[in-house]
Amino acid sequence: DAGITQSPRHKVTETGTPVTLRCHQTENHRYMYWYRQDPGHGLRLIHYSYGVKDTDKGEVSDGYSVSRSKTEDFLLTLESATSSQTSVYFCAIRGTGHPLIRGYTFGSGTRLTVV
Amino acid sequence: QQQVKQSPQSLIVQKGGISIINCAYENTAFDYFPWYQQFPGKGPALLIAIRPDVSEKKEGRFTISFNKSAKQFSLHIMDSQPGDSATYFCAASGPAAGNKLTFGGGTRVLVKP
Numbered sequence: 008d009a010g011i012t013q014s015p016r017h018k019v020t021e022t023g024t025p026v027t028l029r030c031h032q033t034e035n036h037r038y039m040y041w042y043r044q045d046p047g048h049g050l051r052l053i054h055y056s057y058g059v060k061d062t063d064k065g066e067v068s069d070g071y072s073v074s075r076s077k078t079e080d081f082l083l084t085l086e087s088a089t090s091s092q093t094s095v096y097f098c099a100i101r102g103t104g105h106p107l108i109r110g111y112t113f114g115s116g117t118r119l120t121v122v
Numbered sequence: 020q021q022q023v024k025q026s027p028q029s030l031i032v033q034k035g036g037i038s039i040i041n042c043a044y045e046n047t048a049f050d051y052f053p054w055y056q057q058f059p060g061k062g063p064a065l066l067i068a069i070r071p072d073v074s075e076k077k078e079g080r081f082t083i084s085f086n087k088s089a090k091q092f093s094l095h096i097m098d099s100q101p102g103d104s105a106t107y108f109c110a111a112s113g114p115a116a117g118n119k120l121t122f123g124g125g126t127r128v129l130v131k132p
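If you read the protein sequences in the order shown, they are chains A and B.
FYI, the numbering for the first sequence is 8 to 122, going by our numbering.
FYI, the numbering for the second sequence is 20 to 132, going by our numbering.
Errors might be hidden in some of the hints.
[What the hints assert, rightly or not] Distance condition first, Cα-Cα at most 20 Å in a straight line; then the derived DMTMM-like pairs of lysine to aspartate or glutamate:
#1 B:Lys24 / A:Glu66
#2 B:Lys24 / A:Asp45
#3 B:Lys61 / A:Asp45
#4 A:Lys64 / A:Asp80
#5 B:Lys61 / B:Glu45
#6 B:Lys87 / B:Asp72
#7 B:Lys34 / B:Asp72
#8 A:Lys64 / A:Glu34
#9 A:Lys18 / A:Asp61
Just so you know, the hints here were simulated from the structure itself, not pulled from any lab data.
Bound conformation, chain B alone:
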């Protein structure tokens, strides 16, 4: 069973536009929600992360929005740039699960110039 569901699978956005990726989780014991960015031929790299005691976290053009009651969180990429073209993964973990990360299925983002 997939404990973290991610959508959409792929996304095309024009340069300067907003990319939005959504994730939903099932395990209410999760307490850490990171987003990873992966370029072709590379391993995933931590982009931004949030804990459920805050509803939003912003780092530069990247923002996580978190809705604890709905068990959903999303990544917004503002002013999308061609260099943002990559695959993005949401993930979740919690102490009850040994802090092991459970990943969503990934979203391939293409930013057109």
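Only chain A is shown next, with the shape it has when bound in the complex:
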């Protein structure tokens, strides 16, 4: 998907365990985002990054942390997974400039199940 890769694609984990999802881009884009998708809620922003080591919270950030040590990688960590974090997680990237010119590109998603 246009230079953005998410891993793993599927993961089942137990409640209370830490989980890290990875987003890797080859576009050298500045902005990276983590969304979660749940039925009826659309996509909700968890965290985003506007540069290396520059991150900020989205609307549903509780229970999640992120890190961006390189332009190409944006990691999402669930410190202690709960069943409410069962979801499909999408990473997106965007270059600089207005979104009309530089729209978001989404990865293929990670389906996470917490049992």
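Assemble chain B onto chain A, guided by the hints.
Quick look at chain B alone, frame taken from chain A:
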């Protein structure tokens, strides 16, 4: 709170018919309104987008209608085809919100042959 409200949640249309999805937003600072199309197992993909200085934008069979005073915008899919069966999301963003996209809840469209 949901800043972008989308309806209906699901829609069934016959092949050749018109699919209409509506969205309403609250934040008057939004200045970019895209629609995304998502097929099962895939990420959302940008379909068409509009800025509030125009009332309509058409790309092929897809048209966005925008009503700034009512804070509403809609997607029309003309001559709907079975291949259009997907989930559609409206979204909005603006510079005051860091150009972060806020999404509607999604509409699952099924086009029957």
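Comparing the hints with the structure gives:
no. : hint              : in the structure
1   : B:Lys24 / A:Glu66 : holds (16 Å)
2   : B:Lys24 / A:Asp45 : holds (15 Å)
3   : B:Lys61 / A:Asp45 : holds (14 Å)
4   : A:Lys64 / A:Asp80 : holds (17 Å)
5   : B:Lys61 / B:Glu45 : violated (29 Å)
6   : B:Lys87 / B:Asp72 : holds (9 Å)
7   : B:Lys34 / B:Asp72 : violated (33 Å)
8   : A:Lys64 / A:Glu34 : violated (23 Å)
9   : A:Lys18 / A:Asp61 : violated (27 Å)
Checked against the numbered hints listed earlier, the structure breaks hints 5, 7, 8 and 9; every other hint is satisfied.
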